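Those protein sequence lines, which keep their order, are chains A and B. Following the working numbering, the numbering of the first sequence begins with 1 at its first residue and continues without gaps. Following the working numbering, the numbering of the second sequence begins with 1 at its first residue and continues without gaps.
These aren't lab readings, by the way, just hints derived from the structure by calculation. Treat the hints with care, as some may be off.
Stated by the list, open to error - Subject to a maximum C-alpha distance of 27 Å in a straight line, what follows is the list of computed DSS-like cross-link-like pairs (lysine-lysine):
#, chain 1, residue 1, chain 2, residue 2
1, A, K401, A, K390
2, A, K120, A, K247
3, A, K162, A, K137
4, A, K137, A, K80
5, B, K146, A, K221
6, A, K334, A, K399
7, A, K80, B, K168
8, A, K334, A, K61
9, A, K248, B, K146
10, A, K334, A, K119
11, B, K146, A, K301
12, B, K194, A, K223
13, A, K370, B, K168
14, A, K69, A, K294
15, A, K247, B, K146
16, A, K64, A, K294
17, B, K194, B, K168
18, A, K140, A, K80
19, A, K140, A, K119
20, A, K137, A, K119
21, A, K374, A, K301
Unchecked claim - Some but not every residue of chain A turned toward chain B, in silico, with C-beta under 8 Å:
#, residue
22, T208
23, K216
24, V235
25, A264
26, G267
27, D269
28, G273
29, P394
30, S396
31, E397
32, S398
To be verified - What follows is a set of in silico ranges between Cβ atoms, one per label pair, in the way DEER data are often shown:
#, chain 1, residue 1, chain 2, residue 2, range
33, B, Y96, A, S219, 22 to 32 Å
34, B, P267, A, P353, 32 to 42 Å
35, B, F102, A, A187, 41 to 51 Å
36, A, R163, B, V10, 29 to 39 Å
37, A, A187, B, L6, 29 to 39 Å
38, A, R163, B, P65, 26 to 36 Å
39, A, K64, B, I230, 20 to 30 Å
40, A, G267, B, N181, 48 to 58 Å
Given the structure is predicted, the values throughout are model-derived calculations rather than measurements. We put the CB at the ideal spot given by N, CA and C, even for glycine.
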Amino acid sequence: MKTKTLTALLLTTALSSTHAQTLSDNGIKVGVLTDLSGVYSELSGQGSVKAAQMAADDFMKANKAYAGKVSVIGVDHQNKADVASNKAAEMIDRQNVDMLVDMPTSSTALAATEIGRQKKVISMVVTGGTTALTNEKCNKYTFHYAYDNYMLANGTGTAVTKRGGTSWYIIYPNYAFGQDLNRQMTAAVQENGGKLVAPSDATPFPNTDFSTYLLKAQSLKPKIFGTMQAGNDLVNVVKQYNEFGLKKQGIGLGIGLLFETDVAALGQDAYAGALATVPWFWNFDARSRQWAAKFEAAFGKKPTWAQAGVYSATMTYLNAVARAKTDTSDAVVKELEGYSFDDFFARHASIRPQDHRVLLDVHTVQVKAKADAKEPGDIFTRLSTIPAAKAFMPLSESKCKM
Amino acid sequence: MNTQLLLIQVFNGLVNGAFYAMLSLGLAVIFGMLRIVNFAHGALYMLGAFTAFALGQALGLGFWPALIIAPVLVGLLGAALERTLLSRLYGLEPSYNLLLTFGLTLLTQDLVKQVMLSRFAVSSAPYSPPEALSGVVNLGFVVFPKYRLFVIALSLVVCLLTWFVIEKTRVGSIIRASTENPSVTRAFGIDVSKWVTGVFAVGVGLAGLAGVLAAPIYSVEPYMGAELIITTFAVVVIGGLGSILGSVITGFAVGVLAAVGAAFYPPIANTLVFILMFVVLLVRPSGLFGLPEGAR
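Next comes chain A alone, as it looks inside the complex (with noise of 0.2 Å):
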C-alpha cells in the first residue's frame, strides 16, 4: 500500500512537471535593446520599451501560468554598433535575457545579432532595415519584423511609378542602410518603366544642408524627387525641399523610409503629397485603434509603427515559449519557423522559416494636408495595400543559407 501511494505520488509530480514550464531562471526576460538618447529615440526608445512592457502584461494576463515571470528591461546602444555588441553580450551574460527586441539602424542591428547567434539567444529586428539580416548575415536566431529596404522600395518605388512618377534623381545617406536603399529603390522604378534622369547622388551622413542636390533637382527636372535620407537627415531634406519651391515646380517627393516622428517634427503640410510604405498606422483600422488607444493612455503619444511592431514582435516571441513549454533558443525557434498568424499590427502574418523573414501585409500611404485630417495625429492616407506574399523579397532571390 506504502509503495503503491508513494508510486502515484512520483508519477503526478512527474506529469505536474512535464505539464509546467520549463523557463531558464524561472522566467523570461526581454531586452529592448534600443536608442534611448539619440536620433531615432522618438521614433523606438522610452515608446519601444513601453510596448514590450504592454506585450509581457498582456500576455501574463492571459497566460495565468506565466503570471509574474515575464519582465523587460530597456538598454540604449546609442546607435553605435560596438556598444550594441557589448550590451547585448552584457544583457546576456549578465542579466539573462531571453529574447533581443528592436534595434534601429542597420548597423546595431547586424552588431547585436551576431552577439545573439553565438549565444544562441533569439533576436526579432523591429526597426533596423537592411535586407542582410535575412540574406548574407541570416542565422537561426535572427527574425525581421515589420520593415526592411526591400519592401520600402518595392511598395513606394512602384507605387510612385505606376501613379506617373516615371523619372527619378535620388539622393541617398553614404552609408550601409542608404546604399542599401538606393540599389532597391533604382531597381523598382526601373522595373515599373521608370527611369533615373541622372545617376543617384551619394550625399554626405549625416549632412544638414542639402541645396546643392534640390538645385540641380531643378535643373534635371525630375518628375520625383526620391529621398533615401532618415530621421533628422530627411526633415532637413524635406523643410528644404519646400524652401525651394520644388513642389510648385511639378517636382513631386518619394521618401525611402517614413516614420510618423519625421511627419511631426515639420507639420504634415510641408510632406503633404509625398508617398511612402508603412508596415502599419496607427489608425488604420478598429483593432490598430483599439491598441493604439491602450498605449497613448499608458505613454502619453501616439505610437509609431516601429513601437507598435515591438508589441507584436515581442508577443509572438511570448506567444511561442508558450507553445513550446519552454524559453530554450532552438525550441522556440522550432515553434516560430513556419508559423502564421494575425494581430492588429501583423495582418496574415508569416514567418518564413527558410530565412525568418516575417511575412505581413504593407500600406503605400500618402501623406494628407493639414486641413485634411480628421483628428490630431490623422496623417496618412492608404493608397493601397500590398499582401504579405507580395510585399516582401521573394525566395528567389534571397542570398540566405542557414
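Go by the hints and put chain B onto chain A.
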C-alpha cells in the same frame, strides 16, 4: 557638369559661406582679442536658433523681433559666462578654457534637448521664415529662396560692420589696446576687464545671430551646432588664427568650394575643407591671412 550648374552652385555656396563667415568671425574676434579657443561657439549658435524658436512658442514673437532679441540674450549669457567662469582661467594653460567650453557645450546641448522634449514634445522643430521673405524668386539663371538671399546680404553687412568697428574706429583701437597691453591701457584709465567682457559678448552674440538666421533653413535641434563648429574651426585656421578679414573671406570661399565640390562629387563635400586646411598649413603655417607668430 555644365557651366550654368557651376554658376548656380557658386552662388548657392555663398549661403553656407555666410554662416561659416559669421561664426568664424566671432571665433576670430574672441581668439584674437582674448586668446580663448571657444569650443562652446557651436552650442551658442544653437542657443540663438533655439531662443528664436522658444520666443515664438512662448510669446508669439516672430522672426524680426527674434533677430534682435535672441542675439542680445545669447550675448548677455556670454558676458555672464566670461565673468563667472572664463575670467578665472586667464593666465592658465589654454587647455583649461578648451575643456571648460567643451563641457559647456555638452551641458547646453543636453539641457536644450530636455527642455525641448519636456516643454515642446519635440527634439527637432521647424521654424518658418517671415512672411515677407518666404517663397522663391527667379533670378534668371536659378530659382532661389528669397530668404537665402537675405541671409547672404545680412551676413555681408554684419561682417563688414564688425571689421570696420574693430579696424577703423576709436572703440576698435581701445579694444585692440586692451588686449595687446592691458597694464598700459589701464594706466590710461580704461577698465580693461569690462572691454574684455564686452568683446566676448559681441563675439558670441554673432554666433547667436547666425543661429537665428539658420533656424528657417535647418531644423532647430540640440546638436545643430556640433557639426558646423568643426568646419568653422577649420575655416578659422585656414584664414589665419585671429584674423578678422581672413575668417570672413575664407568663410565665404569655403562655402562656395564645398557647394561646387558637392555638385561634382558629393562624397567630398564635407572633406574638402580639411583638404584645403592641410594644403594651406603646409604652404603657410600661419594661415592665409595670419601673421607669422613673431610679427604680432
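Hint check:
no. : hint                           : verdict
1   : A:K401 with A:K390             : 22 Å, holds
2   : A:K120 with A:K247             : 50 Å, violated
3   : A:K162 with A:K137             : 33 Å, violated
4   : A:K137 with A:K80              : 18 Å, holds
5   : B:K146 with A:K221             : 21 Å, holds
6   : A:K334 with A:K399             : 21 Å, holds
7   : A:K80 with B:K168              : 51 Å, violated
8   : A:K334 with A:K61              : 25 Å, holds
9   : A:K248 with B:K146             : 15 Å, holds
10  : A:K334 with A:K119             : 17 Å, holds
11  : B:K146 with A:K301             : 37 Å, violated
12  : B:K194 with A:K223             : 59 Å, violated
13  : A:K370 with B:K168             : 53 Å, violated
14  : A:K69 with A:K294              : 22 Å, holds
15  : A:K247 with B:K146             : 16 Å, holds
16  : A:K64 with A:K294              : 21 Å, holds
17  : B:K194 with B:K168             : 21 Å, holds
18  : A:K140 with A:K80              : 24 Å, holds
19  : A:K140 with A:K119             : 11 Å, holds
20  : A:K137 with A:K119             : 15 Å, holds
21  : A:K374 with A:K301             : 18 Å, holds
22  : T208                           : 5 Å, holds
23  : K216                           : 6 Å, holds
24  : V235                           : 5 Å, holds
25  : A264                           : 7 Å, holds
26  : G267                           : 6 Å, holds
27  : D269                           : 10 Å, violated
28  : G273                           : 17 Å, violated
29  : P394                           : 33 Å, violated
30  : S396                           : 34 Å, violated
31  : E397                           : 29 Å, violated
32  : S398                           : 30 Å, violated
33  : B:Y96 with A:S219: 22 to 32 Å  : 51 Å, violated
34  : B:P267 with A:P353: 32 to 42 Å : 40 Å, holds
35  : B:F102 with A:A187: 41 to 51 Å : 45 Å, holds
36  : A:R163 with B:V10: 29 to 39 Å  : 37 Å, holds
37  : A:A187 with B:L6: 29 to 39 Å   : 32 Å, holds
38  : A:R163 with B:P65: 26 to 36 Å  : 44 Å, violated
39  : A:K64 with B:I230: 20 to 30 Å  : 58 Å, violated
40  : A:G267 with B:N181: 48 to 58 Å : 55 Å, holds
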